[in-house]
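Undergrad: Given next are the chains, with one letter for each unit.
There are 2 protein chains.
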Amino acid sequence: MIIKIEPQSDIPIYTQLTNQIIEGIAKGEIQAGESLPSVRSFAADLGVNMHTVNKSYHQLEAKGIIKIIPKSGAVISSPTQSIDTVSQRMSGALRSIIAEALVSGLEREQIQELVSSIMNDLNKKE
Amino acid sequence: MIIKIEPQSDIPIYTQLTNQIIEGIAKGEIQAGESLPSVRSFAADLGVNMHTVNKSYHQLEAKGIIKIIPKSGAVISSPTQSIDTVSQRMSGALRSIIAEALVSGLEREQIQELVSSIMNDLNKKE
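Line by line, the protein sequences are chains A and B.
Under numbering that gives the first Met the number 0, the first residue of the first sequence carries the number 0, and numbering increases by one thereafter.
Under numbering that gives the first Met the number 0, the first residue of the second sequence carries the number 0, and numbering increases by one thereafter.
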């Protein structure tokens with residue numbers, strides 16, 4: 000899994016890290032049961048503050064994507080929430096982006112195509 | 000356009016306001032050429048700080064959704080960016096959410112259905 004931090008981005012570094020770890024899991028580069036690096040070594044590798052990695056791990060834990068286990072560290076979880084719970088959780092964030100896309104002039108079909116192409120890109124193995 | 004602010008939400012109030020204004024435009028409740036209320040009166044109506052409304056208006060302006068015109072106030076713009084520019088702009092945010100949905104156990108078809116149902120809900124007139 001290659002993590003690329005952009006210090007100049009508007010997106011906070013811990014969120015960049017969270018998003019890229021999630022992408023790595025979506026792509027199957029790291030799988031349920033496997034561990035993320037320790038906070039200390041990940042921070043050193045990425046050249047970021049330990050606090051930043053810690054914040055990202057807690058964000059991932061809050062989303063139910065990892066479990067922070069004493070001694071084992073940050074372990075990728077299998078999905079445990081029901082489809083309805085996940086749909087509901089994702090729906091608010093999706094709704095804001097889709098509304099903005101519509102207001103910015105994208106047609107429904109163009110939005111569906113964009114979603115498809117992102118899923119293809121995230122699931123190259125399929 | 001009905002704005003409902005949830006002070007207890009994790010989402011900052013100015014972002015809640017931004018998202019709901021964008022939804023209002025997507026739904027055709029307020030249209031290009033029309034003005035949003037003045038910062039002062041909107042803040043009073045919503046019971047929020049003027050700074051919050053101001054921050055939301057600047058966020059909407061940065062997204063190209065309104066123009067802040069001296070004396071006229073915040074006027075809804077027609078979409079001006081090319082489809083490619085908009086697609087690219089939306090794609091990063093969409094990608095993070097879609098990756099999270101996949102990692103949380105949603106199937107591709109379920110994500111497409113969720114996107115469709117959100118678009119139906121936003122475009123009830125169609």
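Take the hints with a grain of salt, since some may be wrong.
Identical copies look the same in the list; a pair holds intra-copy or inter-copy alike.
Derived DMTMM-like pairs: lysine to aspartate or glutamate, alpha-carbon spacing no greater than 25 angstroms straight-line [unchecked claim]:
id : residue 1 : residue 2
1  : LYS70     : ASP9
2  : LYS66     : GLU106
3  : LYS54     : ASP120
4  : LYS62     : ASP9
5  : LYS3      : GLU108
6  : LYS62     : GLU106
7  : LYS70     : GLU5
8  : LYS66     : GLU112
9  : LYS54     : ASP83
10 : LYS70     : ASP83
11 : LYS70     : GLU106
12 : LYS66     : GLU108
13 : LYS54     : GLU108
14 : LYS70     : GLU108
15 : LYS70     : GLU112
16 : LYS3      : ASP83
17 : LYS54     : GLU112
18 : LYS54     : GLU106
19 : LYS26     : GLU106
20 : LYS70     : ASP120
21 : LYS66     : ASP9
22 : LYS3      : ASP44
23 : LYS66     : GLU28
24 : LYS3      : GLU60
25 : LYS54     : ASP9
Hints in this document: simulated from the structure, not taken from any laboratory.
Values in this document were obtained by computation on a predicted structure and should not be read as measured data.
Undergrad: Taking each numbered hint in turn, which are not upheld by the structure, reported in ascending numerical order?
TA: Checked against the structure, the hints that fail are numbers 1, 3, 5, 7, 8, 9, 10, 11, 12, 13, 14, 15, 17, 18 and 20, while the rest are satisfied.
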